[in-house]
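Q: As a plain string of letters, each chain reads:
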Amino acid sequence: MGQKTPQIYSVELNGAKDMKQTDKGDDKDKYRGLWSTCLELRKNHHKEHVTKEIDLGLSSTQAAELLARDGPNALSPPQETPEIIKFLKQMVGGFSILLWVGAILCWIAYGIQFSNDKSSSLDNVYLGTVLALVVILTGIFAYYQEAKSTNIMASFSKMIPQQALVIRDSEKKIIPAEQLVVGDIVEIKGGDQIPADIRLLFAQGCKVDNSSLTGESEPQPRSCEFTHDNPLETKNIGFYSTTCLEGTATGMVINTGDRTIIGHIASLASGVGNEKTPIATEIEHFVHIVAGVAISIGVLFFIIAVSMKYRVLDSIIFLIGIIVANVPEGLLATVTVTLSLTAKRMAKKNCLVKNLEAVETLGSTSIICSDKTGTLTQNRMTVAHLWFDNQIFMADTSEDHFKQTFDQSSGTWASLSKIITLCNRAEFRPGQERVPIMKRVVVGDASETALLKFSEVVLGDVMEIRKRNHKVAEIPFNSTNKFQLSIHKTDDPTDKRFLMVMKGAPEKILEKCSTIMVNGQEQPLDQSTAEAFYTAYMELGGLGERVLGFCHLYLSADEFPETYSFDVDAMNFPMSNLCFVGLLSMIDPPRSTVPDAITKCRSAGIKVIMVTGDHPITAKAIAKSVGIISANSETVEDIAKRLNIAVEQVNKQDAKAVVVTGMELKDMSEDQLDEVLTSYPEIVFARTSPQQKLIIVEGCQRQDAVVAVTGDGVNDSPALKKADIGIAMGIAGSDAAKNAADMVLLDDNFASIVTGVEEGRLIFDNLKKTIAYTLTKNIAELCPFLIYIIVGVPLPLGTITILFIDLGTDIVPSIALAYEKAESDIMNRKPRHKKKDRLVNKPLAVYSYLHIGLMQSLGAFLVYFTVYAQEGFRPSTLINLRVEWEKDFVNNLEDSYGQEWTRYQRKYLEWTGYTAFFIGIMIQQIADLIIRKTRKNSIFQQGLFRNKVIWVGIASQIIIALILSYGLGSITALNFTMLRPQYWFVAVPHAFLIWVYDEVRKLFIRLYPGSWWDKNMYY
Amino acid sequence: MFTLTMWVMLQTVSDHTPKYQDRLATPGLMIRPKTENLDVVVNVSDAESWGQHVQKLNKFLEPYNDSVQAQKNDVCRPGRYYEQPDNGVLNYPKRACQFNRTQLGDCSGLGDPTHYGYSTGQPCVFIKMNRVINFYAGANQSMNVTCVGKREEDAENLGSFVMFPAHGNIDLMYFPYYGKKFHVNYTQPLVAVKFLNVTPNVEVNVECRINAVNIATDDERDKFAGRVAFKLRINKT
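Chains as they are written, first to last, in my numbering: chain B, 1 to 1019; chain P, 1020 to 1256.
Mixed in with the good hints, there may be bad ones.
In silico DSS-like pairs for lysine-lysine, Cα to Cα no more than 30 Å straight-line [as the list claims (entries may be wrong)]: (1) P:1091 x B:887; (2) B:189 x B:439; (3) B:207 x B:172; (4) P:1078 x B:118.
Please keep in mind that the hints were generated in silico from the structure rather than gathered at the bench.
From just these sequences and the hints, can you work out the full model?
A: Now the structure itself:
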């Protein structure tokens, strides 16, 4: 990032330089503000055409030439890894390498066997092929999953093909915006998206919304005057992808595609390195552990086997067996499925996850840097307070307020409501009678809209009231006189007086008044009432609200008869001695779900930092009302005010909250920012620029925090990319932001983030369970090999059978654990520490491998020994039987009873043993699955039947096992046989033992939190 | 827990008969001398090459000595099973029938200067049927062992042979087998095949099978069910 930042600025600087050159070389106004590309253009042979009259435009041939030279006017998509590389990556990632090694060893082993003995069995070839298939299939699966989640996003970037009205060959044409070239003359009007960077040649009342680029939410007027050296500041440039709000303009395209300002920002964002997600790190860690165990045990036993005088070939085959037993083949696929299940669940809760791994990142988030507007607030002005009769009344600001509950009986209110209704130019778009009032579309600015909706809710049909009080004259609001005025006939037919209503900046309104209405009665405006007014005004202003004053005057019927013609320019009506009626304040209120969500975040140990471009007072007010600054915490300034001392004298330790403005931030060093970030639990950044957002994010990341950032503008995209998880707004967000983000909030609602955090934490816990479940049986798969090598019993579990456990019976159950509900309130925990709270920690590995794993092995061995004993080979006979057992020409091997067995009869028995061992593991994996539902709570607290999917998992285990044993028992290559039904129950006592053992473990953890037991047995 | 369940499991296993014998429905055949890969190679001129076979056979046939048999085992009525049912009381140990070494005739190796024919290139190969507890081989009908060359050229190279007892018969009286523990001195019946004029210096694939009503010999997968295939090679200079 650090390297890239200057680039964008340098572009601007260069641009400015170029402009100067341009000015010197050519003093025609037209060329002011053009940048390097245009300069270039001017220098080359297209000059004449550019200088020609606007209405001529480029000729199609020239346009085609330029198009061929510059390429289409579209942002080049971020460089994508070719699909084949992505696919190959899946083929070699994770455990795949180990399995490939296994497969190749298999084939080599067969090669050696074959060269010695042409009739050697094909078992190794099967195994090698199966292993390769496993790798390829899981690879394809992972690739498919990834592609699917990428596709979700692809739909986002697919914009509606934009059209541009361009003048070519002296004709107005509508062409796709992609085909615009430098030098084209385009026309835009209100509502259009600007199709490229253009310099305005002609503008009429043109205003643009540059918020996606600069973060300024106020509409920016555009004209053809060159006002500033900086292209971002000058008024005669319209930027690609911004919107023209009103007016019309004609401009010349000066930059297209990636060379536009937005293109630079987009490339800047793609330059910010994507850091590895926490879960990816965790999974890598886990793969390392498992691969380490697999390789070290494999090599160890390879050496043991060789030194025990086994043939090297056999030892290689053991090695393969050990690798296969150790590698949880199905696990990575399971993790992917689990993540995508959660992603789906989150999508239902309005969090669309773009990158599957981000699902978990959100769960480990420890700092959220949130926007204010739209995310924390409703993004619409709403009436919050009223002041009349010397009293402040609160208005309901929730999203769907039907009723206003303040006292409406006063006569003052009657007057005030009349002013609010009449002195307002905003109107509902027609045809929305069925839409709830708060959701109706209004023509008019934000404040007027708020007032219109407010009066509609309180009074009913506003339009009807306005009709009855016919408007005869009006002065709309403007920034010089700061008031709005209208004169109406009243709806009282007996009253022939005109009513003049006025609203505006409170102090301006008050100036014009000589009386004030209290309880419906006009009273002279004296010193004390004026003071009351100022107190109220300051109080409401202090809340960060926009305050308006209202006054009226009934014009006497004598002076202003019904036929009187009002002239708004001459102002032939009184403008003083009016009657002040009241104040009304508005704010963009917080979403009602946000305070709750912030509280949740706080109890979840997540710090919420507000980063806004808004005014500090407003920012602080909103922060207070949503709880980012909690009710009882104060800033340094608050303390100073309370104690009536200078800010410098305040002990900074006492202040819990701080409001940092962009100006202050600018002067801060990294260390100072770090200090602010660490020493204050409640922070608001106000008046910050988008670039500063990036600085804040980097500051947070220096604290080892996992940072989530919300944003919507194009300028937010570097910060979104930099953040551990970037969250773009689905409604207000720009495409660039959505592209840079890992997640999209479909409803722009902060509360949805909290839901996401919850899901993310849950998935982390559940992944732990899944992994613990999967690792357990690895020991039960590994032990047979070790016992086989050391004790010399016939092989208890075949390699292919292992694959059937890993990729057959165990798949659905381990996915089912993803549906497990949280054990306790996961939102009452601190976020996990990136480096300390690992997905796979020592207790998990030890408990899974050595406790449950060994118990499970014993249980499975029991089934194995039972089968052999009941067929004639008692355990004592089996010891060291291996060599004779496996000799192909020994066809009269004696069992414990003196019976003699042929090789094939033994082989079949061996397969029965595999099947028995397999069933043994399967039965105990059911117990394992049930105990893994919880890590701390008793199963009975969690509820055995709450997670129905677990039972689907168990059913799938049993059904797959039944099919394998009874359905495919006759296929030689699979090494399954039909097992006697009673053997299915041999391991059941062991399954119960596992359950009881784990219940005891959990009981002790609950009884003695913090003890040795808790530390070593809680994973 | 494991010990406990193992113990419980072992209680279910009887001492004298295995619980299940489903895998042993068809007893396998096997040859003596037992060699690697069932290759019987005889270098006539090299006494050491066949000497080891002879030693093995000597040892193998020792319990069949008439004196031993007479001392330990009963003379049974041929042609019928020698059943010794428990009838509620454990009938233990069970008696076995005599199979005298002399029954093997020229292959008995008794007073045989040719060492079972190995020194002359007319080797004896002994065929025995795997023991299976409570198996009534032949289902009350007589059974015998026959040998053939596996392919046509093998048959030509194999030449003629004689069998002892005559026709390769196995008598019913040696069945059923009651298990190592009960049937302490059980003597497995044998069939000896003496190959008289095997074409020297070629490998001959020989297949012997038992012809009995209740022994299938056509199992595709188990090449030793009711039959045995071995290679015979007589090297003469």
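Q: For the pair supplied as a hint, residue 189 of chain B and residue 439 of chain B, is the alpha-carbon distance within the 30 Å limit?
A: holds, 26 Å
Q: Below or equal to 30 Å on CA atoms is what counts here, so check residue 207 of chain B against residue 172 of chain B.
A: holds, 23 Å
Q: Just to be careful, I want the Cα atoms of residue 1078 of chain P and residue 118 of chain B compared with a cutoff of 30 Å; is the pair within it?
A: Outside the cut-off at roughly 34 Å; violated.
Q: Quickly compare the C-alpha distance for residue 1091 of chain P and residue 887 of chain B to 30 Å and report which way the hint goes.
A: violated, 33 Å
Checked against the numbered hints listed earlier, the structure breaks hints 1, 4; every other hint is satisfied.
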